[in-house]
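There are 2 protein chains.
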Amino acid sequence: MTEEGFGSRLAAAIGEHGALCVGIDPHSYLLADWGLPDDASGARDFGLRVVDAAAGRAGVVKPQVAFFERFGSAGYHALEEVLEAARSAGLLVIADVKRGDVGTSVEAYGEAWLTRGSRLEADAMTISAFQGVGSLAGPIRLAAQEGKGLFVLAATSNPEATAIQHSIDRDSGRTVARVIIDDVSRENALIGDPIGPLGVVLGATIDLAGFGIDTTQAPIPAIPVLAPGFGHQGAKVEDARALFGSLADVLLVSESRGILSAGPDELEAAISTRANEVRAALV
Amino acid sequence: MTEEGFGSRLAAAIGEHGALCVGIDPHSYLLADWGLPDDASGARDFGLRVVDAAAGRAGVVKPQVAFFERFGSAGYHALEEVLEAARSAGLLVIADVKRGDVGTSVEAYGEAWLTRGSRLEADAMTISAFQGVGSLAGPIRLAAQEGKGLFVLAATSNPEATAIQHSIDRDSGRTVARVIIDDVSRENALIGDPIGPLGVVLGATIDLAGFGIDTTQAPIPAIPVLAPGFGHQGAKVEDARALFGSLADVLLVSESRGILSAGPDELEAAISTRANEVRAALV
Numbered sequence: 001m002t003e004e005g006f007g008s009r010l011a012a013a014i015g016e017h018g019a020l021c022v023g024i025d026p027h028s029y030l031l032a033d034w035g036l037p038d039d040a041s042g043a044r045d046f047g048l049r050v051v052d053a054a055a056g057r058a059g060v061v062k063p064q065v066a067f068f069e070r071f072g073s074a075g076y077h078a079l080e081e082v083l084e085a086a087r088s089a090g091l092l093v094i095a096d097v098k099r100g101d102v103g104t105s106v107e108a109y110g111e112a113w114l115t116r117g118s119r120l121e122a123d124a125m126t127i128s129a130f131q132g133v134g135s136l137a138g139p140i141r142l143a144a145q146e147g148k149g150l151f152v153l154a155a156t157s158n159p160e161a162t163a164i165q166h167s168i169d170r171d172s173g174r175t176v177a178r179v180i181i182d183d184v185s186r187e188n189a190l191i192g193d194p195i196g197p198l199g200v201v202l203g204a205t206i207d208l209a210g211f212g213i214d215t216t217q218a219p220i221p222a223i224p225v226l227a228p229g230f231g232h233q234g235a236k237v238e239d240a241r242a243l244f245g246s247l248a249d250v251l252l253v254s255e256s257r258g259i260l261s262a263g264p265d266e267l268e269a270a271i272s273t274r275a276n277e278v279r280a281a282l283v
Numbered sequence: 001m002t003e004e005g006f007g008s009r010l011a012a013a014i015g016e017h018g019a020l021c022v023g024i025d026p027h028s029y030l031l032a033d034w035g036l037p038d039d040a041s042g043a044r045d046f047g048l049r050v051v052d053a054a055a056g057r058a059g060v061v062k063p064q065v066a067f068f069e070r071f072g073s074a075g076y077h078a079l080e081e082v083l084e085a086a087r088s089a090g091l092l093v094i095a096d097v098k099r100g101d102v103g104t105s106v107e108a109y110g111e112a113w114l115t116r117g118s119r120l121e122a123d124a125m126t127i128s129a130f131q132g133v134g135s136l137a138g139p140i141r142l143a144a145q146e147g148k149g150l151f152v153l154a155a156t157s158n159p160e161a162t163a164i165q166h167s168i169d170r171d172s173g174r175t176v177a178r179v180i181i182d183d184v185s186r187e188n189a190l191i192g193d194p195i196g197p198l199g200v201v202l203g204a205t206i207d208l209a210g211f212g213i214d215t216t217q218a219p220i221p222a223i224p225v226l227a228p229g230f231g232h233q234g235a236k237v238e239d240a241r242a243l244f245g246s247l248a249d250v251l252l253v254s255e256s257r258g259i260l261s262a263g264p265d266e267l268e269a270a271i272s273t274r275a276n277e278v279r280a281a282l283v
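Just so you know, the sequences run in chain order A and B. In terms of this note's numbering, the first sequence opens at residue 1 and continues consecutively. In terms of this note's numbering, the second sequence opens at residue 1 and continues consecutively.
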């Protein structure tokens, strides 16, 4: 499994193309700006255009599934075409779905997004551990087995999240965000790949130390980090190593609307420029 | 909005049919037991059969969307047929999706499930506040506007959830579960319906007092509670008033596999029997 594990595939993609992860967010206002209809066909054309532009220029794309789900089954059909095109183009695909549940229900979400041959097959999905990292046993097992990955929300950058993610576990004195990272790290150790198939989502605009998150010791195996918050949200990619420290080894700089607002004609240039900036900053 | 608010519609459905909420969980093993194929058509036939059996016998159904999502767009198409059939049959529908995100992304999930005329239209959806109840502003506004409801996960019954949901907010000393309930209550007060359109998910098998949840004072407006954990998970519906106290006024007893395992031929009888037991226990 080691050779094919998601962590190793991700590290290879970052090695080849740099750390930029390009969002695919067919929001109404972007569809309008791009001259596309605000329906499933518009979302499909938008997604396929981003895939075309990202192929060869970035290693990873991240469709925001909410913007497809709003069109129901037709939106999902559009998404299936976009996922297939992205994977055929050699891009790694993170389905940004933030699913979460327990038992066989969350396992079914894992089946949907992480099973080889599924119509919605991606390389990794984002997931929420509000019911505990232990509740995600089904998708964790599936990820390890299928060479897929998970990015578990840990410390997000929106200010309303603070009360919950900063709260203190009574037994250990750790923050919720830290508990999640530690649990993810333990699951990665059990799986045993050199780079964990389980990553975390950490906002680049937050004070990681304030969450009690240790950025001085490298977790073993390494934990992939998906980091929104760079670019027009305020964090500078030049500061990524200082911000994430030992967590910057397998770091994805997630940017969506800052790039997508370039419009369809300037998209390739926008992706190339930003990918180069990110590569230069993270060398 | 008062007459048409979700809270009032829910209370009316409970008044007419009692508090039983029948799950629609087309799990592989149930599809096999029912003699249905483990694909989108099987999920559709399963869902339509449950809708038929529940109509007139229960007030509320709750499709577990993960079991449809595993079939991709075809599964969503099946789900659309089930949702439409359920709403046409006069059942209230809670889409058990446990979505969560921030900003326009979570707003798009709200659009998908709570907008009148959407292909995935339900009467309410379950949602996760891992990024804070404040992050759910979009769907909260939409719910109030469209006469729809949300059930926010607060204290769930799975043991792995404890570390996170029991954690203590540094500022207020309240548990995460309590913070969520208080935030939901405040949002309901702002909306001003007599029964809030925003409810919470509280497991019936947990010690609510241990979470610092007050069951002696009735929240104003009343908060709908969706409670799994009764039946074969261990909690007795006869104890519901003792367990939930002041939170039992608009309570839904959520049961899925205990009922669905009756099989297609015995399903109507199983729903009638259980609905009567629940009604008798909660009079």
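Bear in mind the hints are in silico, worked out from the structure with no lab data behind them. It is possible that some hints are incorrect.
[As the list claims (entries may be wrong)] Okay, the calculated bits of chain A under chain B, using three or more residues with CB under 8 Å as the criterion:
#, segment
1, 40-47
2, 60-67
3, 193-204
4, 240-254
5, 261-274
[Claimed, not checked] Here are a few chain B residues that sit away from chain A, every Cβ distance over 10 Å (derived from the structure):
#, residue
6, Ile-180
7, Ala-209
8, Ala-242
9, Ala-262
Backbone N, C-alpha and C define an ideal beta-carbon position, used for all residues, glycine too.
Hint-by-hint comparison with the structure:
1. 40-47: Per the Cβ count (0), the hint is violated.
2. 60-67: holds (count 3)
3. 193-204: violated (count 0)
4. 240-254: violated (count 0)
5. 261-274: Violated, because only 0 residues of the segment 261-274 of chain A bring their Cβ atoms closer than 8 Å to Cβ atoms of chain B.
6. Ile-180: Answer for Ile-180(B): violated, closest chain A Cβ roughly 8 Å.
7. Ala-209: holds (15 Å)
8. Ala-242: holds (25 Å)
9. Ala-262: Per Cβ check, Ala-262(B) is outside 10 Å of chain A; nearest 18 Å; holds.
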